[in-house]
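**Q** Sequence:
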Amino acid sequence: MVGAFDPMAEAGKPSMSDAGMSEVLGFGTLSSRATRRTALGLILGAPLLGACSSVQQTLSQFSSPFSGSQPATAPGAPQQPVSVGSGQVKVGLILPLSAGGNAGAAAQSMKNAGELALSEFLNPNLQLLIKDDAGSAQGAQQSAQQAIDEGAELILGPLFASSVPATAQAARSKGISVIAFSTDSSVANRGVYLLSFLPESDVNRIVEYAASIGKRSFAAMLPENAYGNVVEAAFKQAVPKRGGRIVAFEKYGADRTAAARNVAQALGQADALFLADDGDAVVAVADTLAAAGANLANVQLLGTGLWDNPRVFASSRLQGGLFAAPDPTGFKSFARRYHAKYGSEPVRTATLSYDAVALTAALSRTQGGQRFAADVLQNPSGFAGIDGLFRFRADGTNERGLAVMRVASGGAQIAAASPKSFGA
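Heads up, the sequence shown is in my numbering, so the first residue is 1 and it goes up one at a time.
Hints in this document: simulated from the structure, not taken from any laboratory.
Predicted model only: the values in this text are computed from it and were never measured.
Positions of the beta carbon are idealized from the N, C-alpha and C atoms, including for glycine.
Keep in mind that the hints are not guaranteed to be accurate.
Computed spacing ranges between beta-carbons, pair by pair [said to hold, decoys possible]:
#	residue 1	residue 2	range
1	255	311	18 to 24 Å
2	316	265	21 to 27 Å
3	241	169	33 to 39 Å
4	344	81	50 to 56 Å
5	88	339	27 to 33 Å
6	378	169	20 to 26 Å
7	265	172	37 to 43 Å
8	169	253	31 to 37 Å
9	295	423	32 to 38 Å
Keeping only pairs whose Cα atoms sit at most 35 Å apart, straight-line, the calculated DSBU-like set for lysine-lysine is [to be verified]:
#	residue 1	residue 2
10	420	241
11	341	420
12	90	341
13	332	236
14	241	251
15	420	90
From just these sequences and the hints, can you work out the full model?
**A** The structure is reproduced here in structure tokens:
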């Protein structure tokens, strides 16, 4: 049994009410004992092992995984390594700090978030070895090797899928695990965990919820690209698993007309229509379906976290649609603290860095010499982070406890809360 850990108390902050703590986590009403162990979003305790989704981002090589107000930047000179904290447990944090475009700006925000997590624990026994990989696989491998040579017991990062295998190669030779931020599940492996928003979690959650409200016949229209391929595989597994059937399935490229016509003709047999694309594209898909004769008001529209977009909320055709995403409450609380410290808004992926650092700080305090062992990282009860529950699978992928959001003209509304615990 793992002892309880209250990061708010550790941070020297006043206690919060039960309601306040559950609001931070977005779990709804929890028991008094549970909520008093949360606050910053990461806890350690049994039976829930917690460690102290505008949300779901598409795979990093398919479209930008960054959102927020940070401006794009030109490539800069490589940043010098930085050590933060004075603890005995050393952990590497690898980010593309000098990369150009949105990547460098996002990396800086994630660096700030990691430092914020460290500062919100009182005297954590942790030292972050922050390295700049410049956005390249070679840079990531060199950064990982430098961190390992300096005594790192765990590597956090890198951000890009193409850099994860190189990082893993350096870490594996020393038996060190990696917790990367890529959203490409193909780079996950034993000892290479992904702490990110994976499309598979979105698909499983929204199909599960649709089935729970009586939807049994599904139609789908997905983009013909790598993201669409990942979503397709997950969708075709999730529907029969939940007792449903797929009555129509189409993929589209630049021209959506033929696919929309086929789906529109089959919608009479369906009670749910799954559309998985980003905000601008999914609005265009809905318009094309309507032009093909589809009455979208007669079917329950379903989507992924990519729907968390102002264009979606403004679309009259998508009103009432449901999509899976983390409860936004936790991010809003995090963003307020981030802004108070840094005077700017965090990118949406900054919570990944925060949760990774907070997790390692908590494990280093409570788990002794086994702090980063596989059976600790793969605890089936999972961890409670800024964006809700998550747990690592043995194959390196993750599962997230997502909320179900409803599209409304004023923004997303919670249709179903995040789960309080994982099933078997």
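**Q** Decide, hint by hint, whether the structure agrees.
**A** Hint-by-hint comparison with the structure:
no.: 1; hint: 255 to 311: 18 to 24 Å; in the structure: holds (21 Å)
no.: 2; hint: 316 to 265: 21 to 27 Å; in the structure: holds (23 Å)
no.: 3; hint: 241 to 169: 33 to 39 Å; in the structure: holds (35 Å)
no.: 4; hint: 344 to 81: 50 to 56 Å; in the structure: violated (23 Å)
no.: 5; hint: 88 to 339: 27 to 33 Å; in the structure: holds (32 Å)
no.: 6; hint: 378 to 169: 20 to 26 Å; in the structure: holds (21 Å)
no.: 7; hint: 265 to 172: 37 to 43 Å; in the structure: violated (51 Å)
no.: 8; hint: 169 to 253: 31 to 37 Å; in the structure: holds (36 Å)
no.: 9; hint: 295 to 423: 32 to 38 Å; in the structure: holds (36 Å)
no.: 10; hint: 420 to 241; in the structure: holds (22 Å)
no.: 11; hint: 341 to 420; in the structure: holds (30 Å)
no.: 12; hint: 90 to 341; in the structure: holds (24 Å)
no.: 13; hint: 332 to 236; in the structure: holds (34 Å)
no.: 14; hint: 241 to 251; in the structure: holds (22 Å)
no.: 15; hint: 420 to 90; in the structure: holds (32 Å)
Comparing the model with each earlier hint shows violations of hints 4, 7; every other hint is respected.
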